[in-house]
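Read left to right, the sequence shown gives residues 1 to 217 (our numbering).
In case anyone wonders, no lab produced these hints; they're calculated from the structure. It is possible that some hints are incorrect.
[Unchecked claim] Derived lysine to aspartate or glutamate pairs resembling DMTMM-like cross-links, with alpha carbons at most 20 Å apart:
| id | residue 1 | residue 2 |
| --- | --- | --- |
| 1 | Lys94 | Asp122 |
| 2 | Lys62 | Glu52 |
| 3 | Lys44 | Glu112 |
| 4 | Lys180 | Glu98 |
| 5 | Lys62 | Asp136 |
| 6 | Lys62 | Asp132 |
| 7 | Lys44 | Asp109 |
| 8 | Lys180 | Glu141 |
| 9 | Lys94 | Asp40 |
| 10 | Lys94 | Asp48 |
| 11 | Lys44 | Glu98 |
| 12 | Lys94 | Asp136 |
| 13 | Lys9 | Asp122 |
[Unchecked claim] Per label pair, the in silico range of CB-to-CB distance:
| id | residue 1 | residue 2 | range |
| --- | --- | --- | --- |
| 14 | Pro17 | Asn137 | 28 to 38 Å |
| 15 | Pro106 | Ala166 | 37 to 47 Å |
| 16 | Thr215 | Pro106 | 23 to 33 Å |
| 17 | Leu96 | Ala166 | 43 to 53 Å |
Computed from a predicted structure; not experimentally measured. Where a beta carbon is used, it is the ideal one built from N, C-alpha and C, also for glycine.
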Amino acid sequence: YAGYNPAVKSRDPDRPPPIRRVACWAHVRRRFLECADRGDTNAKQLVDLINELFRVERRARKEIEKAGLAGAAADAYRLALRQHDSAAIVAEIKRLIELFTPFYTPSRDMAEHLGYTCNLWDALTLFLDHGDLPTDNNAAERAIRPLVVGRKNWLFVGSEDAGEWAAIFYSLIESCRMLKLDPRRYLAHVTPLLIGANPPPPASLTPLALRAALTST
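With the sequences and hints as input, model every part of the structure.
What follows is the structure in structure tokens.
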């Protein structure tokens with residue numbers, strides 16, 4: 001998204017940018033998968049290699065859970081696995097991209113996808129040096145999918161007040177989900193307090209403030 005470009009561009013050419021872009025391997029895979037489904041065997045090779053990257057990530061996740069690791073220890077374990085296994089896969093992807101690129105004219109979809117991948121290469125490979133970075137942003141996409149899919153049902157909310165209320169409820173419900181609270185239980189607990197004669201301070205009624213109370217009973 002071009003709107004992020006100013007945030008990742010350094011004003012001083014002699015200094016690194018304050019924010020590093022991390023690109024999504026799932027988006028790259030999706031592009032090559034379109035060509036692979038149409039019978040392009042070169043695209044199929046790239047899809048298979050990207051699948052191998054995701055297999056390494058799944059293996060890391062299972063082994064981290066099995067070992068009971070968390071925080072910095074989990075990140076260090078994931079980083080070691082990436083540098084041992086993922087780096088070689090990424091190197092092979094780069095080699096094939098350079099090999100395949102001359103075979104496609106600029107008008108071909110495959111040429112566009114190869115160029116797209118090359119342009120994002122630094123951002124795509126940044127995860128190899130950091131154990132805490134994701135290889136894709138599928139989690140974020142899954143989180144916003146309900147809004148995107150149902151947007152036409154509530155795009156026109158009727159008034160600015162209705163839009164503000166919708167935003168409040170989305171924030172509360174998503175906060176409950178992040179904290180592993182049942183949104184229905186949270187709202188059932190808070191609503192009687194809000195309509196009482198002396199409602200508590202709003203800060204004491206947030207999902208985070210009530211997390212302990214709602215999970216201990």
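Hints and how they fare:
1. For the proposed pair lysine 94 and aspartate 122, the alpha carbon gap of about 11 Å is at most 20 Å, so the pair holds.
2. A distance of roughly 15 Å separates the Cα atoms of lysine 62 and glutamate 52; the hinted pair therefore holds under the 20 Å criterion.
3. A hinted pair counts as satisfied when its Cα atoms are at most 20 Å apart, and lysine 44 with glutamate 112 qualifies at roughly 16 Å.
4. Distance check on the hinted pair: lysine 180 and glutamate 98 sit about 45 Å apart at the alpha-carbon level, beyond 20 Å; violated.
5. At roughly 17 Å between alpha-carbon atoms, lysine 62 and aspartate 136 fall within 20 Å of each other, so this suggested pair holds.
6. Using a Cα cut-off of 20 Å, the hinted pair lysine 62 and aspartate 132 holds, with the two alpha carbons roughly 15 Å apart.
7. Among the hinted pairs, lysine 44 with aspartate 109 is consistent with the structure: their alpha-carbon atoms are about 14 Å apart, no more than 20 Å.
8. Distance check on the hinted pair: lysine 180 and glutamate 141 sit about 19 Å apart at the alpha-carbon level, within 20 Å; holds.
9. About 18 Å separates the Cα atoms of lysine 94 and aspartate 40, which keeps this hinted pair within 20 Å; it holds.
10. As the CA atoms of lysine 94 and aspartate 48 are separated by approximately 14 Å, the hinted pair is consistent with the 20 Å bound.
11. Proximity of lysine 44 to glutamate 98 is assessed by CA-CA distance (about 15 Å); at most 20 Å being required, the pair is judged to hold.
12. Restraint check for lysine 94 and aspartate 136: the C-alpha separation of about 18 Å stays at or below 20 Å, so the hint holds.
13. Annotation: proposed proximity of lysine 9 to aspartate 122 holds, straight-line Cα distance about 14 Å (limit 20 Å).
14. For proline 17 and asparagine 137, the Cβ-Cβ distance of about 19 Å falls outside the hinted range of 28 to 38 Å, so the restraint is violated.
15. For proline 106 paired with alanine 166, a C-beta distance near 45 Å keeps the hint of 37 to 47 Å intact.
16. A hinted range of 23 to 33 Å is violated for the C-beta pair threonine 215 and proline 106, which are about 57 Å apart.
17. Against the hinted window of 43 to 53 Å, the Cβ-Cβ separation of leucine 96 and alanine 166 comes to about 47 Å, which satisfies the hint.
In summary, the structure is inconsistent with hints 4, 14, 16 from the numbered list given earlier, while agreeing with the others.
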